[in-house]
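Chains as they are written, first to last, in this note's numbering: chain W, 1 to 382; chain D, 1 to 382.
Treat the hints as calculated values from the structure; they're not laboratory data. Among these hints, one or two may not hold up.
[Claimed, not checked] Within a straight-line C-alpha distance of at most 20 Å, the following computed EDC-like cross-link-like pairs (lysine to aspartate or glutamate) qualify: (1) D:Lys-247 with W:Glu-36; (2) W:Lys-247 with D:Asp-78; (3) D:Lys-274 with D:Asp-148.
[Said to hold, decoys possible] Quick list of the computed label-pair ranges, beta carbon to beta carbon: (4) W:Ser-130 with D:Leu-15: 51 to 57 Å; (5) D:His-373 with W:Pro-352: 49 to 55 Å; (6) W:Arg-369 with D:Glu-221: 53 to 59 Å; (7) W:Ser-277 with D:Ser-276: 30 to 36 Å; (8) D:His-214 with W:Pro-121: 41 to 47 Å; (9) W:Pro-18 with D:Lys-80: 55 to 61 Å; (10) W:Ala-307 with D:Lys-247: 25 to 31 Å; (11) W:Glu-221 with D:Thr-123: 52 to 58 Å; (12) W:Arg-251 with D:Gly-151: 49 to 55 Å; (13) W:His-214 with D:Val-21: 24 to 30 Å; (14) W:Arg-19 with D:Glu-280: 49 to 55 Å.
[Said to hold, decoys possible] Interface residues of chain D toward chain W, partial, derived using beta-carbon atoms under 10 Å: (15) Val-119; (16) Phe-198; (17) Asp-241; (18) His-272.
Note that beta-carbon positions come from the ideal geometry of N, C-alpha and C, so glycine has one too.
Number of protein chains: 2
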Amino acid sequence: MEREDTTAVLDGVGLVEPRSVTIAPPPDSFLLDCGESLSPVTVAYETYGRLNADRSNAVLVAHAFSGDAHAAGWHRGDRKPGWWHDMIGPGRAFDTDRFFIVCSNVLGGCRGTTGPSTVDPATGRPFGGSFPPVTIPDMVRVQACLLDHLGIDTLLSVAGGSMGGQQVLEWLVSYSGRTRSAIVCATAAKHSPQQIAFNEVGRQAILSDPNWNHGDYYGGERPAGGLSVARMVGHITYMSDTSMSEKFGRRVCPDGRSHPFGNGFEVEDYLHHKGSSFVERFDANSYLYITRAIDEYDAARGGSLAAAFEGLEARVLVMSFGSDWLYPSYQSQHVVRACKRAGVEVSYCEVPSTYGHDAFLLEVDEQTRLITHFLRTVEEEG
Amino acid sequence: MEREDTTAVLDGVGLVEPRSVTIAPPPDSFLLDCGESLSPVTVAYETYGRLNADRSNAVLVAHAFSGDAHAAGWHRGDRKPGWWHDMIGPGRAFDTDRFFIVCSNVLGGCRGTTGPSTVDPATGRPFGGSFPPVTIPDMVRVQACLLDHLGIDTLLSVAGGSMGGQQVLEWLVSYSGRTRSAIVCATAAKHSPQQIAFNEVGRQAILSDPNWNHGDYYGGERPAGGLSVARMVGHITYMSDTSMSEKFGRRVCPDGRSHPFGNGFEVEDYLHHKGSSFVERFDANSYLYITRAIDEYDAARGGSLAAAFEGLEARVLVMSFGSDWLYPSYQSQHVVRACKRAGVEVSYCEVPSTYGHDAFLLEVDEQTRLITHFLRTVEEEG
Numbered sequence: 001m002e003r004e005d006t007t008a009v010l011d012g013v014g015l016v017e018p019r020s021v022t023i024a025p026p027p028d029s030f031l032l033d034c035g036e037s038l039s040p041v042t043v044a045y046e047t048y049g050r051l052n053a054d055r056s057n058a059v060l061v062a063h064a065f066s067g068d069a070h071a072a073g074w075h076r077g078d079r080k081p082g083w084w085h086d087m088i089g090p091g092r093a094f095d096t097d098r099f100f101i102v103c104s105n106v107l108g109g110c111r112g113t114t115g116p117s118t119v120d121p122a123t124g125r126p127f128g129g130s131f132p133p134v135t136i137p138d139m140v141r142v143q144a145c146l147l148d149h150l151g152i153d154t155l156l157s158v159a160g161g162s163m164g165g166q167q168v169l170e171w172l173v174s175y176s177g178r179t180r181s182a183i184v185c186a187t188a189a190k191h192s193p194q195q196i197a198f199n200e201v202g203r204q205a206i207l208s209d210p211n212w213n214h215g216d217y218y219g220g221e222r223p224a225g226g227l228s229v230a231r232m233v234g235h236i237t238y239m240s241d242t243s244m245s246e247k248f249g250r251r252v253c254p255d256g257r258s259h260p261f262g263n264g265f266e267v268e269d270y271l272h273h274k275g276s277s278f279v280e281r282f283d284a285n286s287y288l289y290i291t292r293a294i295d296e297y298d299a300a301r302g303g304s305l306a307a308a309f310e311g312l313e314a315r316v317l318v319m320s321f322g323s324d325w326l327y328p329s330y331q332s333q334h335v336v337r338a339c340k341r342a343g344v345e346v347s348y349c350e351v352p353s354t355y356g357h358d359a360f361l362l363e364v365d366e367q368t369r370l371i372t373h374f375l376r377t378v379e380e381e382g
Numbered sequence: 001m002e003r004e005d006t007t008a009v010l011d012g013v014g015l016v017e018p019r020s021v022t023i024a025p026p027p028d029s030f031l032l033d034c035g036e037s038l039s040p041v042t043v044a045y046e047t048y049g050r051l052n053a054d055r056s057n058a059v060l061v062a063h064a065f066s067g068d069a070h071a072a073g074w075h076r077g078d079r080k081p082g083w084w085h086d087m088i089g090p091g092r093a094f095d096t097d098r099f100f101i102v103c104s105n106v107l108g109g110c111r112g113t114t115g116p117s118t119v120d121p122a123t124g125r126p127f128g129g130s131f132p133p134v135t136i137p138d139m140v141r142v143q144a145c146l147l148d149h150l151g152i153d154t155l156l157s158v159a160g161g162s163m164g165g166q167q168v169l170e171w172l173v174s175y176s177g178r179t180r181s182a183i184v185c186a187t188a189a190k191h192s193p194q195q196i197a198f199n200e201v202g203r204q205a206i207l208s209d210p211n212w213n214h215g216d217y218y219g220g221e222r223p224a225g226g227l228s229v230a231r232m233v234g235h236i237t238y239m240s241d242t243s244m245s246e247k248f249g250r251r252v253c254p255d256g257r258s259h260p261f262g263n264g265f266e267v268e269d270y271l272h273h274k275g276s277s278f279v280e281r282f283d284a285n286s287y288l289y290i291t292r293a294i295d296e297y298d299a300a301r302g303g304s305l306a307a308a309f310e311g312l313e314a315r316v317l318v319m320s321f322g323s324d325w326l327y328p329s330y331q332s333q334h335v336v337r338a339c340k341r342a343g344v345e346v347s348y349c350e351v352p353s354t355y356g357h358d359a360f361l362l363e364v365d366e367q368t369r370l371i372t373h374f375l376r377t378v379e380e381e382g
């Protein structure tokens, strides 16, 4: 018997539809921090739950570097749900019975929002390396335009981890009046040289791939080798020494020795798989543009973060994860201290975890407890 | 006035001469763990100090992955001395007034010892990718042949850090009767999946460079881009979050923004420089062969390290470094515990340092104190 309604087996928010909106259509244009303008800008987004009558229950969720607007539920035919699926849905941390959740793909991305793979209206060809440089503040201004389009003036909260956390900090700094609270996971107000260095290795892997061709590769071979190597580096930094030991040990794949110069270890096979599957879904130029924005970002603009938070009325929840060595807890504690100095109401928890940086995607139970309690407090204050 | 004797300004062991010896000349051959043989095998080495009359004061120093036989002193015209220069010389940790120090380049290397860039006598062309796989035990057996050539039956000690430390462990496991002591710095009896993963990223960067050409590139363009990226990854793992922050912060180079897609941070410039200078002195195929050997190595051969150390009469000194996250202290402590279980006389120190894995090259004072005391104890027992 053929199943007619596939949603019956899909938990959480079930089947979801990708949406998009055009902002800054000609003759308008969207002004970037670099001084250049884009027109139009397409923004891919999804929403879950319902906006209430007084438009006071909206929560913006910001994705991490390689994420997209598909935060929860399934697209028709997909085998995997959105990237924060276990955190978003009825009764979940971001409870769709109470909140209206919005998630959009970032400017410069390759998952529906305008980026280097978009066709430049001036030439009729993809921007490639001629796409203007974008910043985290640019990305956040695009999100603000999306909220304007959705008729949302003030957010109940804005939440995100890693690069998503940087966007949350930018909301606090640049749109403090538009959100009543913020949830900042596993992030840094500015990248350390070690974080910059890992991103730079990824960029150099792409730039040294002859197929990169100064960013002009959309008609031909893509820089798959370089992008794959970049992703492998990333995956090491997303896990912890402990989680890798638990997941792989020194086990060897049955057919592992077929890889030249490897020893056939499962961890090698895992990295190859992660590298080659990333190439299927991500654009190398977006890798370059977005990592540059992440590295350049400094929420305090070279000054004191406490000064940047001065006068902030939003309530803030900060979370870090014990084994996250890419975004170590001291970086989150720096944000917490700045909040306290600025008189901002802030809660902080270092969640125990062996998952490394991936913990913000995987430690569902503890994050759910913390976020549920936090959002209830924000609602009650409203 | 022209200075006639340049050695006057060169401290430590002063000017030194590279040497080499041929082992297993035809019709003899050197049998490898893989079952294949090499003939002849050239070994590049250097010595410092004098072998005493009863040949009892020899210390073998084993280099790390990208090191070579030039451990101390200067070659004529060089601007920089050998890699452990501050540790080897009159009155230093490895005191050349008392000890005869030997250091040789490893099998599979590219600094004078037979490796993939050596001409294969059977074809008249460099081995390239047809060079047989080598192991840490193979490297150590070549060192044993060198000592035979030098007329040294028993070492006073064998010392090394990182991959050099693996060779020291292999001396203990396979030639326990030939050394009276061992100094094991910043190493592991077997690589963790995280350590394997970092090496695999380096290998994939090289293998995905079209110039690699299955290892057959000696007549043409070398895979410089891939090798450079591999080295950049390495350098991040050799430093610590703290040492990178202290050395670079978020400072920007005056001409930094000329690098495409970087932000011109000093740390980016440092990585570019380290990558491109490595390409000048190291062979990509040696990178592949040696890292494979490191990853594959297991001093305990899949069993218990304590069992592998059973009956060992050598005295052992183990050192790790507080901020070394590539070879964390728990791996050294694993070696120490195995020694204790096997009844081996072992001392251990975690040296406080912010230098990360590089500490075994940089923390001269504390290592000097520990090694000086240790070697004096070994001498007095003799």
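Here is how each hint holds up against the structure:
no.	hint	result
1	D:Lys-247 with W:Glu-36	violated (34 Å)
2	W:Lys-247 with D:Asp-78	violated (47 Å)
3	D:Lys-274 with D:Asp-148	violated (37 Å)
4	W:Ser-130 with D:Leu-15: 51 to 57 Å	holds (55 Å)
5	D:His-373 with W:Pro-352: 49 to 55 Å	violated (40 Å)
6	W:Arg-369 with D:Glu-221: 53 to 59 Å	holds (57 Å)
7	W:Ser-277 with D:Ser-276: 30 to 36 Å	holds (31 Å)
8	D:His-214 with W:Pro-121: 41 to 47 Å	holds (44 Å)
9	W:Pro-18 with D:Lys-80: 55 to 61 Å	holds (57 Å)
10	W:Ala-307 with D:Lys-247: 25 to 31 Å	holds (27 Å)
11	W:Glu-221 with D:Thr-123: 52 to 58 Å	violated (33 Å)
12	W:Arg-251 with D:Gly-151: 49 to 55 Å	violated (45 Å)
13	W:His-214 with D:Val-21: 24 to 30 Å	violated (50 Å)
14	W:Arg-19 with D:Glu-280: 49 to 55 Å	holds (53 Å)
15	Val-119	violated (21 Å)
16	Phe-198	holds (6 Å)
17	Asp-241	holds (5 Å)
18	His-272	holds (8 Å)
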